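Participant: Once you've looked at the hints, dock chain B against the given chain A.
Line by line, the protein sequences are chains A and B.
Numbering of the first sequence is given in the working numbering, commencing with residue 25 and proceeding in unit increments.
Numbering of the second sequence is given in the working numbering, commencing with residue 4 and proceeding in unit increments.
Wrong hints could be hidden among the right ones.
Calculated pairs, DSS-like style, for lysine-lysine (alpha carbon to alpha carbon, straight line, at most 27 Å) [unchecked claim]: (1) Lys-1030/B x Lys-943/B; (2) Lys-92/A x Lys-223/B; (3) Lys-47/A x Lys-1030/B.
Worth flagging that the hints you see were computed from the coordinates, not collected in a lab.
These numbers were taken from a predicted model, which means no experiment stands behind them.
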Amino acid sequence: MKNMFKKIRKIVYMISTIMEKNKSSVLLLVFIGIISDIFFISKSSDLLIFSILALYIFSSLIYKLKSKIAYFTCLLLLSLLFVLFLLSGPSDKTEKTAVWLVLFMLVGIIQQWRE
Amino acid sequence: MERIKIPKHLIAFIITTVLFLIPFFWFKPGQMDLGGDSSRLYFYQPFEYLKNYSLFGISPSNFGEENIGYFSVPFVFLLGLLQKFLFSPTILIAAFHGLSLAVAFLSCYFIIITFFDKEENNVVTTISGIVTGVIYLFSQPVIYGWDKVLITHNQVFLNPFIFLLLLRYFRTINVRYLLVVLITTFIFSPNFSFVAAPPIFSFYPVSILFLLLYRRFILKKTIIWKHIVLTFFAFLLLQSFHIFPQIISMFTKNSVLNQTIFTDRGKFDRGLSYFIAIASNIKVSLNLLGLIQSQKTQWYSWINFIFPAVIFLAFYKNKSKLLLLTGLIFFIVLFFASANITGLGFFVYKEMFKIPGFSMFRNFYGQWEYTYFFFYAILIGQSLFILSDFLSKRKLTIASCIICFLLLIQAWPFITGNIVNISLWQSKNMHIFITPEKSFTQAIDFIKSMPSDGKFLTLPLTDPGYQQIAGIDNSIYQGPSFISYLGGKQDFAGLLEFADYKDEFINAVRQNNTTGILRILGILNIKYIFYDSDKRVYDTYFSGFPYIDVRDVLPTDQKSYAKFLSSLPLKELATFGGKYHIYEIKNTYYAPTIFTTTDENYYATKINTLTLPLTFKNVSNVIFSETLPSEDLSFNTISQLQPTDFYFQFLKNPKEPIILEHSFAKTSPEEWYYPLIILKENMAFRKVIPDTNTFLDKKMFLAAKRLDEMERWRNDIPVQYSFTSFKQLNTWYIQSKTKPVWDSSYWNIYKTFEGVLSRYIENIDETIQRVNQTQDTNIYSQKFLINEYLIDHRRRFTNLIDGMHQGDDIKSKLDKLVDNIFDHFAKSLQLPQLDIAKENLVDNGIWNRTTAFYIEKVPYESTKNNTVTVLSGSNTSVLYPSVDQTEDNWLSISNLPTISQNKEIQIFSQDYQNILDSSSLVTMSNNDAGISLKDGLLWKITNWQPRGYYLLSFEYNTKGKPYTVKIIENKKFQNRSVQDTIVDNQIKSRDWQHYQALIRADQDTNFSYVQLVNESLTSPNNILMIKNYSFNYLPDPMMLHLEDHSKKLVTPSISIKKMNPTRYMVHVSNIQNPFVLVLNQSFADRWILTEGVDNANDIFSPIKKIFGHISSPANHFVANGYANAWYINPHNFSNKENNTFTIEFSTQWYFYLGMYISLLTVASVIAFFLYLLLRKK
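Bound-form chain A, shown alone:
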């Protein structure tokens, strides 16, 4: 059991180290993930949504990102929502953007409460 915990800790440490060294790549991955989900994946997948969200939360802990980043993402998503709403009304893409917006709002609120 002890060995297993050690292994897990080691893995987490390794991931953290890799992430620390690749900040921009990780954040780009989050960004690409959101955009892909909205524009290129027709289905709605919780696995994808919560993986990206978990990655963002994990990175915000490692990089000590402020809640402002989450709110800034909200503003970007809102702009995207505006464009999509103008083009296609409340379509699937608009809905996905709205869901991302709400989730980032929640992340931002929780982050700011802890700050």
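Facilitator: Chain B only, in chain A's frame:
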């Protein structure tokens, strides 16, 4: 130059005044908005409404079922007092609307002021407060909710008002705020009653959570729990006048409330299924923008982006925890108002429907709408305040003015009243604001003055039970009946209100059977007719709703109505304005509200259709019942011979339609957690050890779910193998299942098409196996049900494979595989073939020499070649056609054999004719059927017996191509024909198979079609082979035997005093033998008969009855299918020749007890409030 200083709240008060005045411009003098589902008649004549509805627990309409409206007593009483001062209902309505707007606005405004009252920037708080109020009132979904409002609409101002008071309390801990809250809840108790459960549970829990967190984490002060707990108890005491009766009703078995809260049907069928059906229409994006759902977005809807923009900019700039807390609560409310926030969120929402009572949120958007827009407005108000740090006052004022201006433009139709005074649906531009004509009020006054005995029939009859009254100009009242709610007389205003008597009433009207109509009206205690001959309530003014179904039965215009009425024996009592006619029906079948009888037709077998008691020995003053309280009465025992169930378990179109379980697929088999879903399903299934029916239900649901998954992800789940037979697939599945989990082929049983298909087969196989092992008597109905599922699934598989993005080779193999699987199902199911050679009717009753035997005349005579025999061992007697006599609709036979054992009656046919032989085979080039599929075989059957049973039978071989069997009935109504497809089955086989369909013809049908047709161009008709085809009529007359136990008894005479709708005094004289006392109100256990009269002045009498022991020696049972009847044996009442009885509805006692407690609590709360006020001074 010195600037003029504007007083702090002046602008807000000016806006409040303007808002208050807006509704006064909606109404012309005398106009009112009274209609809608629950009506607003309490604005028109509040005290009459109180007297006829609110104060008593019995519905003022039709049968008089239990109907608890006590909650409106304080509110309606207050409206009554206000009307005395304001003199006009129009002013009262306008003032109330105005007050709602003003209080809602002012409360929102002061909430923002209270949040930021320590800030120095008064102008900013004022602007934020005003914007909050305006957004709340003028949001698109809120402004569209003001037409035909329900009583619970008061939440529009109560929510912000109570929130404000609670907020002030949590900031100051001043108990007076709580006392004002308590008084408010008492006055507006409808909003805190059972009918308002969804608004209560959507608003108050989250609001109180917000306020508790606000005090604890924002103000950083302790919560005084003592205050909260005491206030809660005081609240319960204040509301006890409606809570007590409601609790009694909730725990009364079979009450509507009990069914909704506690049964699976209430929780899942009405709740979850409805929720799932509407959830996909609710969009998170529209909620975020504050736009109305399920309506086309307007070109200017993008303007609403300003609201989320303000919110997220404020979050970006925010340093305060208050906005975070509001944002958190906003998120919770948004989740409940949207439901579609991720699959996990939707799953959690669905799971909540397992909580008793949560099904009230099935229409979740409507129920959370006001809560959502309240927190939305508060969040924007707070956001504006936060943004003021980064904007100059001038910029902020301009921005706020722009927001308010945009909202005003959006709300302009509301301000002008155009979306409040709407045109009624499917009407010829008839509006809902009505000014009743003077002659109509005179008619209602006349009805009020009429004797209390006897109910009304309101004509023209509507479908749902609305009454329509035309007013001055093109206005119509559409809502609950004036006659019931204000006139104080129970009435039947809609076809649906006839409940079990509906079909019989329709038949009698269609057949112009005046006696039949009078029998039904008489038995239902209908003595008067109110007929409104105004063309504006019928004719071309309302071509559809609310007259869709009634137009198929009753006269289609006012001219024909007059003719219809002239065919009835009526005496005109009064006419007002030449159009409101009141008639008395001269009816020998009339049964008064309360009467005594000594004669009963006792039905020893369950009455399956009211045709039976309404046509057979239906004599005035003789009740019919399925209960015989005592053999001391004079009675006939009537038994209906029950046909053997065997045939009727195979009926394709039973009266109660077979509803195959509504399944749905939410998780793709490709998802990593899909195996966990399967595991969860299996564990949930194993938790219960279900009976065969539940087993079947659950397993078929799981099978349908797998089929849903294959349909939904048909092009995503890989087809891995090339199996063409069930055996190959099954071997692979069993082998894969036994492999270790680290073997990749193990997981193929989850993520391949073959894996999902195998699990589908597994579920069906287990079901068939279970049914084959069962000893249940209804084994055939279970097998038939499985077969119906399979027929439905068979077609879905054909379409599923057809729509796959796969090559023809793979599709062809899958097609073969599925054919083979369904052959396997057919073999395992062993569904028996029906044999029309004989139909058995088995009678297990005691049969002695006094018995007479009856056969229903009409359907039986149409089959001339049948004989009826009685069999017992080797003894055989032919009963029919040797008929003795006829009685009304019945053939009476008295030459019964003397056989002492149980008998079996059989209907034999000498010659079952195949009606397809005598029917014309319609060619497609010359068909008048109007049937869309113009190919195949089509027979037109003209010799078609309404309500007759038919069996279609043939053998087929389609060589693997899909074909359709259809039976289409032509229904003929007064002025239209409708074609109704009653059988639509796919047939597909690779060798000879047998097909059978047993169906029942509809009441209104006049001919039918049988069609065999290809499903697509890939299956040409020359491939289809059929043989041994037949279509036979199966005679199924009602058959009865009767035992005569009549005695000569004396019926006592009575005099009645109606104290109120829930209490009657009955004085019975000349009691010489046992008798039955009947009350023509809907049967309920809570109707209680006691001997004697209690002191009317004793106000504690109801309490004594609740806590005392009330027992009645009279046996209470259902008579005439709905009424209360008590068997009274004078031996149990000291053999008194004259006696007095009290009949009471006991729920009323709980109302009185609750009212005493509530009034005492109100007095205490007011006294405490005054004490606190004076002490401060």
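Participant: Taking the numbered hints from earlier one at a time, note which ones the structure violates and give those numbers from smallest to largest.
Facilitator: Number 3 only.
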